[in-house]
Every structure is written in structure tokens, then in C-alpha cells.
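*Asks:* Chain order of the listed sequences is A and B.
Each residue of the first sequence is one higher than the last, beginning at 1 in our numbering.
Each residue of the second sequence is one higher than the last, beginning at 1 in our numbering.
Among the clues, some could well be false.
[What the hints assert, rightly or not] Stretches of chain B that chain A covers, calculated by requiring three or more beta carbons in the stretch to come under 8 Å of a beta carbon on chain A:
1. 12 to 26
2. 32 to 41
3. 94 to 101
Honestly, the hints are just simulated from the structure, not real lab data.
Because the structure is a prediction, the values reported are computed rather than measured.
We put the CB at the ideal spot given by N, CA and C, even for glycine.
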Amino acid sequence: GDSVTQMEGPVTLSEEAFLTINCTYTATGYPSLFWYVQYPGEGLQLLLKATKADDKGSNKGFEATYRKETTSFHLEKGSVQVSDSAVYFCALRRSGTYKYIFGTGTRLKVLA
Amino acid sequence: NAGVTQTPKFQVLKTGQSMTLQCAQDMNHNSMYWYRQDPGMGLRLIYYSASEGTTDKGEVPNGYNVSRLNKREFSLRLESAAPSQTSVYFCASTPTSNSGNTIYFGEGSWLTVV
């Protein structure tokens, strides 16, 4: 079945460091791919998405490129801030289905 | 600007008690979902409703029932709560069947079963 695998956390970085959170997926066809962010005590909110191969999603300095050949959608940011501390979830939804499949989440902690 | 609204936000139940989590969305979305979030497990789908009048099981439906009351509302019922159902529950919705649609989440309901 469809699945999403994320790197385990927590990831601890200093402010202004470069961030990469790895995400790979298993799905037939061409799913849409998403990154969601969850701040403490809140629900998940969309960070960015890509709906076809080679698309790049971007928002708030974060980027991720849909790589069909490596079935990956890694999240990157060039310079993290303390306010980026949160849990990040990679997700997919396959065309023709209603289910969104989420990874286990990666906790990011940014130190000042 | 409400989006997806869940109630209650916090609840403590005794083993064997029943309760219903309520969810309503004001975005005219067709599809609605219930997820649970547990440490190290991410989000797991309990039930979903592709459209008004339909419901389907997700990954972890055992011990739960749902009702799609109308287009706006989708409730989750625990008939006989168990400690294994201690979790954070999220309701979510999405507009149409397009796989590129964003899914919108409520703020969560923290449930403890003792």
C-alpha cells in the first residue's frame, strides 16, 4: 500500500543553519505530495505542496522538489529561525483516492 | 474565519464510557476525515467521508463509529472507551476529489481514557 517515510528526529540546529528533512514515498502512479507543519498545541497546516513530477513547492523560505525518479520530496530551508521549531509531516494523496497518508513527523528544534 | 471546528478540546473518560467528538466545517468541503495522532506513529486515519451520505474505514477504525450528519458535520463516537484510545484526535476536510487539494485540520481534541 501507499506509505511515506520520514527521517526520524528530533533535529536540533542552531539559528541560521541549513535544514534538510528527508521524505520518501511509495505509491503507484503520480501522487500529490505535501509538507505540513504543526506548532505546539495546534493542528496541522499546509506548508507547501507539489502535484506533479519536477514541481517545486515553496513557502516561507522552505522548498521541496517532487522527484519521481527517487520517489522523494525532501524539505529544505537555507537559514532556519527559532520560530521554525515545530513538527514537520510529509504526506501524499494518490489520484483516484480520498486518503491522505502521513509520515510519522520530524521534530525540529532551533536554538538561538 | 472558523474553518474546521472540533469539540471538546479536552476530555477525560473512564474506561467503558462513551462519548462523541463533534466536528464542523464552514468551507463547503465535500470530504471530511478523522485522524488520531500518537507519539512516534504520526497521523493515522480512522474514518473518512468522501461526500455527504458516505463513510469509509481508514487504517484504525476498530472501536470507533462515525456519522456524516450533513455536509458540514462529521462526528466520531467511542462506544466503550479503552486506555488505548488515549490520543489526540484531528478532524479535517478537503474541497473535492482532486488529489492536489489541501487538507485543512481542526485544532485537535485531547482525549485521555483512565
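*Asks:* Does each hint hold? Answer for all of them.
*Replies:* Consistency of the hints with the structure:
no. : hint      : result
1   : 12 to 26  : violated (count 0)
2   : 32 to 41  : holds (count 4)
3   : 94 to 101 : holds (count 5)
When the structure is compared with the earlier hints, a violation turns up for hint 1 alone.
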